[in-house]
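Take the sequences, apply the hints, and build the full model.
Sequence order for the protein chains is A and B. Heads up: the first sequence at position 194 corresponds to 194 in this note's numbering, and the numbers run straight through without jumps. Heads up: the second sequence at position 199 corresponds to 1199 in this note's numbering, and the numbers run straight through without jumps.
Hints are computed from structural coordinates only; laboratory data are not their basis. All values reported here derive from a predicted model rather than from experimental measurement. Each residue gets a CB set at the ideal place from its N, CA and C atoms; glycine is no exception. Careful: at least some of the hints might be erroneous.
Below are the SDA-like pairs computed for lysine to any residue, each with C-alpha atoms no more than 25 Å apart in a straight line [said to hold, decoys possible]:
#	chain 1	residue 1	chain 2	residue 2
1	A	105	B	1074
2	A	23	A	40
3	B	1196	A	228
Which chain B residues face chain A? A few, computed with CB under 7 Å, are given here [as the list claims (entries may be wrong)]:
#	residue
4	1088
5	1093
6	1195
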Amino acid sequence: MNLTLKIWRQSNAQDKGKMVDYKVTEISEHMSFLEMMDVLNEQLINKGEEPVAFDHDCREGICGMCSMFINGEAHGPDRGVTTCQLHMRMFKDGDTITIEPFRAKAFPVIKDLVVDRSSFDRIQHAGGYISVNTSGNTQDANGIPISKHAADEAMDAATCIGCGACVASCKNASAMLFVGAKVSQYALLPQGQVEAVDRVQNMVAQMDLEGFGNCTNTGACEVECPKGISLENIARMNREFLSANVKS
Amino acid sequence: MSGFFKSSIGRKYAMALSAFFLMFFLLQHFAINILSVISPDAFNEASHFMGTFWAVQYVLQPVLIFGVIYHFVMGFILEAKNRSARVKTYAKNNGAANSSWMSRNMIYSGLAILAFLVLHFIDFWIPEINTKFIAGDMTGLLPNGEGFRYYEELAHKFENPLRVGAYVIAFIFLSLHLMHGFSSAFQSAGASSMRKEKLQLFAKVYSIFIPLGFIFIALFHHFNHH
Ligand code: HEM
Ligand code: SF4
Ligand code: FES
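What follows is the structure, encoded as structure tokens:
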């Protein structure tokens, strides 16, 4: 396949940045999107130009590092995949592909397609954990009875890899799908109850502080999320937040 | 509860609450208006009751005015905040791939409704206040004293095709606003997925048929009095 790429280039956080056109040739349809980017970068390095900076780590859809807004969608046109799992067979010979960084005030661009998602880390630090006494007398988690339904829903929520596609896709740059998943994975389990009130209040407060927008239930996040995190998690977070505010 | 209504989620609840009230108001407004098609007398009776009963005039009416103003002012505030959450926008954004047109354009359908409400205010509400509270005529009778004035006034308003056209367009926008908005309000209020399917079906039916009903009423009177 021969492709035209329109890529956002920005040399650092201060740079204004612009879209730049590139041509890549002989791209195999079996390549992943990131491998295609590797081909482009090799080409640029050989020409003595600056390669395109992009995030990646595991390249198998589990770490949440890869990002990119491809042809107007986070992680590209395929469903339920991250950019590293996106195959070039989703595109046709001669296509023009627009590649931009995830955009949100709370995700500032560091360089080219790399954005700073540490706002997510700060939300997690605010309450996305449980405090467990690890003195050696810890109760075995399997010893606590949990209904199958709750366990499944908690597990589904816990599959969120914190990639930020939800924020990138949302017209309001809202982080509620991410925060909803992180609140839900504990709200559904007995271990999460002790800190439930503080957790949701502190995480939501941090989310608001970071400058994410407000959810208007468009549902774009759910569609673009590589892990299929459901809007149900946002509804659950809303319930948790209301009850926490009534209790405190 | 301190700071609840300043938080993002608190505002979602408040938005949903004001929206639920508006949905309730719209339904009762429809129920009375449709009487004008079925029985002018019943419509007159109902209008006179609503227009003079103290609980409606001095309790529900102020709540309604507050609800409408709160709803659109908060709508504007949220829209401004949400725009500022993405300073640099995408060169290419395929919103249609993941969300409905209605959900992405609530502010525009809302603005169309607001424009209509201004017209509606000047058209029905100010003359009503004028007659009742400025001129002090609480009888609800026609100037010649032969029966109630409400049905006559309504029928007269819908003679003008421009007004009817504006009504039809406004209610199409209202329908678009509610097609996303009503089920959105259930989600905001935290309805769980088990209940959501039925609630969403109800919301869809309401969002299409209530505005359609208002359009029908306007057209009915327009073509019946010519
Ligand atoms: C007066 C002009 C209006 C404006 C400017 C306006 C604006 C908005 C905006 C921007 C939203 C999205 C905010 C969000 O979802 O968080 C919204 C939601 C909504 N609006 Fe309106 N609106 C208006 C009138 C109305 C009327 C008359 C009704 C009903 C009769 C209505 C029903 C709704 C509903 C049900 C929602 C969804 C609430 C939620 O998601 O919780 N709106 N409106
Ligand atoms: S909810 Fe989905 S899209 Fe959002 S951060 Fe988690 S995995 Fe990524
Ligand atoms: S690189 Fe780890 S999820 Fe894509």
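We went through each hint and held it up to the structure:
1. 105/A to 1074/B: Measuring from Cα to Cα gives roughly 21 Å; hence the hint holds.
2. 23/A to 40/A: holds, 8 Å
3. 1196/B to 228/A: Holds, at roughly 18 Å.
4. 1088: holds, 6 Å
5. 1093: Cβ of residue 1093/B sits 5 Å from chain A, so the hint holds.
6. 1195: Residue 1195/B check fails; min Cβ-Cβ to chain A is 10 Å, beyond 7 Å.
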